[in-house]
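Protein sequences appear in the order of chains A and B.
Numbering of the first sequence is given in the UniProt record's numbering, commencing with residue 1 and proceeding in unit increments.
Numbering of the second sequence is given in the UniProt record's numbering, commencing with residue 1 and proceeding in unit increments.
Hints listed in this document are in silico derivations from the structure and should not be mistaken for laboratory results.
Do not rely on the hints blindly, as some may be mistaken.
[What the hints assert, rightly or not] Cβ pair distances, simulated, as ranges:
#1 252/B - 93/A: 28 to 34 angstroms
#2 309/B - 93/A: 29 to 35 angstroms
#3 20/A - 303/B: 46 to 52 angstroms
#4 20/B - 173/A: 48 to 54 angstroms
#5 112/B - 178/A: 55 to 61 angstroms
#6 246/A - 97/B: 54 to 60 angstroms
#7 112/B - 292/A: 53 to 59 angstroms
#8 183/B - 93/A: 33 to 39 angstroms
Note that the Cβ used here is the ideal one computed from N, Cα and C, for glycine as well.
Number of protein chains: 2
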Amino acid sequence: MGEFELIRRFFAEAACARTGQGLVLGIGDDCALLELAPGEQLAVSTDSLVAGVHFPDPCDPFLLAQRALACAASDLAAMGAAPLGFSLALTLPAASADWLQGFSAGLEKMAAACDLRLIGGDTTRGPLNINITVFGRLPAGQALLRSGARPGDLLCVGGCLGDAAGALPYVLGQRPAIDSQVESLLAHYWTPAPQLALGQALRGRASAAQDISDGLLGDCAHIASASDVALVVELERVPLSQALLAVEPIDTARRHALSGGDDYVLLFCLPPEQLDALLAEGWPVQVIGRVEAGEGVHLRDAAGRPLSVPAAGFQHFSR
Amino acid sequence: MGEFELIRRFFAEAACARTGQGLVLGIGDDCALLELAPGEQLAVSTDSLVAGVHFPDPCDPFLLAQRALACAASDLAAMGAAPLGFSLALTLPAASADWLQGFSAGLEKMAAACDLRLIGGDTTRGPLNINITVFGRLPAGQALLRSGARPGDLLCVGGCLGDAAGALPYVLGQRPAIDSQVESLLAHYWTPAPQLALGQALRGRASAAQDISDGLLGDCAHIASASDVALVVELERVPLSQALLAVEPIDTARRHALSGGDDYVLLFCLPPEQLDALLAEGWPVQVIGRVEAGEGVHLRDAAGRPLSVPAAGFQHFSR
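All chains, please: the whole structure from these sequences, using the hints.
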């Protein structure tokens with residue numbers, strides 16, 4: 001099967017039919033063509049997942065495709081962007097029809113869940129590497145940046161943390177996946193749900209936002225640095241899932257939540273007067289601390305006493 | 001050196017300073033932000049280059065970066081788009097400062113030559129894989145598509161073909177690079193010049209266009225299929241460089257020109273009345289054949305007699 005036939009068979013058919021809503025021209029020419037409504041800006045982010053680094057190899061291609069697209073789409077959520085589309089640059093060792101069947105089905109499932117259309121791509125031979133570039137739309141000037149946090153803001157997250165890190169021993173086969181709690185953790189690892197709707201709801205309300213991909217504390221450091229403020233995290237307010245607490249002691253669960261990574265949950269700063277309305281609308285907003293004058297990230301107990309901060313989040317090349 | 005430090009050190013400094021002209025926000029947040037002028041569309045294309053497949057490994061990172069960006073930018077030229085920016089997703093086995101120094105210098109050189117700014121990226125550890133997504137701007141409805149060729153049009157290319165294929169034995173070290181002719185071939189392989197200005201000049205004039213990356217005949221087949229026409233190539237009109245003819249007999253040179261690939265020269269169809277003005281303006285337009293009713297790609301000699309068509313262009317997974 002040639003490269004062109006392969007692309008046509010698995011990806012092009014579904015993608016080409018869906019122009020409209022910002023997509024003028026999809027797969028099949030030298031470039032895709034996008035357009036914006038007057039007053040809109042385009043948000044763009046690119047992410048690569050590498051076999052053996054970001055996921056175990058081999059693994060189920062149906063799950064892998066969902067995870068790859070969800071990780072990339074989470075960056076759109078973090079900017080408050082409305083989803084538009086994505087391109088896929090897929091490097092794979094061989095053109096296996098079975099593998100591609102599973103991968104394209106997973107891609108289609110997550111694309112539908114995120115309301116993202118495949119707009120173009122590239123397929124090459126080599127060690128398995130999945131690169132996805134996502135595109136979203138935003139009213140000009142309303143993007144959620146990392147740089148707007150102000151002393152007095154509340155520090156918030158969009159849900160429980162640490163589940164993906166808690167799933168890792170099961171993902172890697174180091175422990176048997178025995179019950180529904182573990183299944184819930186595995187779902188957070190393989191099929192995270194990018195908080196695209198929450199991100200859009202935070203536009204004009206949150207002062208700063210990003211998604212947690214490298215671990216809570218490491219990602220807090222990015223906001224603290226970009227906004228030139230200190231972020232205070234109260235350890236006991238960091239939300240932990242029942243599933244994580246069912247398989248790990250609380251100290252391990254908290255370590256996963258603070259620096260485990262792969263959460264793809266939004267982290268954001270909120271002027272206090274914005275909180276009630278968001279909660280009344282039913283958004284999953286959990287206050288975990290506050291923004292202060294100063295610098296860096298500070299972990300405290302419920303009485304406000306400082307706790308030592310464990311090692312920073314995941315960094316490639318640093319270990 | 002951590003991932004974030006690495007990115008900052010080699011890529012972010014040059015990139016961040018250059019907002020404006022469509023780039024609202026560059027490297028450093030969850031997404032980059034682009035904007036378009038009223039009536040503009042955005043052209044997007046993504047390309048991955050894999051070590052050992054698209055380039056020899058090891059090779060000079062200064063040249064490799066130039067080649068990677070030029071290959072991607074050529075897709076913008078093929079649509080007639082004006083360059084805006086690019087994102088880089090770089091997967092590399094180790095964070096070598098020497099390698100990154102060379103790579104970032106090469107990237108900067110080609111970015112300046114193509115008037116493209118680095119708008120964002122991702123850096124991960126794994127087998128060397130360079131993914132570049134390019135962004136360009138176009139007046140709405142003026143993109144050069146593959147589907148507009150009409151019987152009676154002239155079939156044209158923007159320059160000599162086959163040089164990159166002719167360079168391959170020297171790139172791979174199978175022959176010693178001895179003279180300036182070989183250096184010229186090597187330059188076409190490592191630092192092709194995407195025909196961005198020619199592409200923009202062809203807007204409103206060419207009926208169809210694409211860039212030649214997989215070999216002339218294979219790429220002609222894409223236009224023939226998309227436009228539902230036959231393309232006739234006259235073998236003796238396909239332009240060959242003095243450098244290629246200095247190192248190869250004419251039959252080999254022609255084989256390289258017809259199916260060698262990696263040319264990154266524009267292929268386009270031109271209503272005959274457009275030719276004189278383009279030539280008068282000094283554009284490198286070479287007529288190599290014509291568009292006829294029918295289907296497929298047909299190779300003919302100067303007397304119009306059919307010649308057999310050699311194997312199609314480069315396809316991953318097909319060999």
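Problem - Beta-carbon spacing of residue 309/B to residue 93/A - inside the hinted bounds 29 to 35 angstroms or not - result: Holds: the Cβ-Cβ distance is about 31 angstroms, inside 29 to 35 angstroms.
Practice task
Could you say whether the range 54 to 60 angstroms given as a hint is met by the Cβ separation of residue 246/A and residue 97/B?
Solution key: Because 46 angstroms falls outside the window, the suggested range is violated.
Exercise for the section: Evaluate the given range 55 to 61 angstroms for the C-beta pair formed by residue 112/B and residue 178/A. Expected result: 58 angstroms, holds
Exercise for the section: Could you see if the CB distance from residue 183/B to residue 93/A stays within 33 to 39 angstroms? Expected result: With a Cβ separation near 35 angstroms, residue 183/B and residue 93/A satisfy 33 to 39 angstroms, so the hint holds.
Problem - Range agreement (Cβ of residue 173/A with Cβ of residue 20/B, hint 48 to 54 angstroms) - result: 51 angstroms, holds
Problem - Outcome of range test on Cβ distance (residue 112/B, residue 292/A; 53 to 59 angstroms) - result: At 43 angstroms between Cβs, range violated.
Practice task
State, for the Cβ atoms of residue 252/B and residue 93/A, whether the hinted interval 28 to 34 angstroms holds or is violated.
Solution key: 32 angstroms, holds
Practice task
Given the range 46 to 52 angstroms, decide if the beta-carbon distance of residue 20/A to residue 303/B lies inside it.
Solution key: 50 angstroms, holds
Hints 6 and 7 from the earlier list are contradicted by this structure; the remaining hints agree with it.
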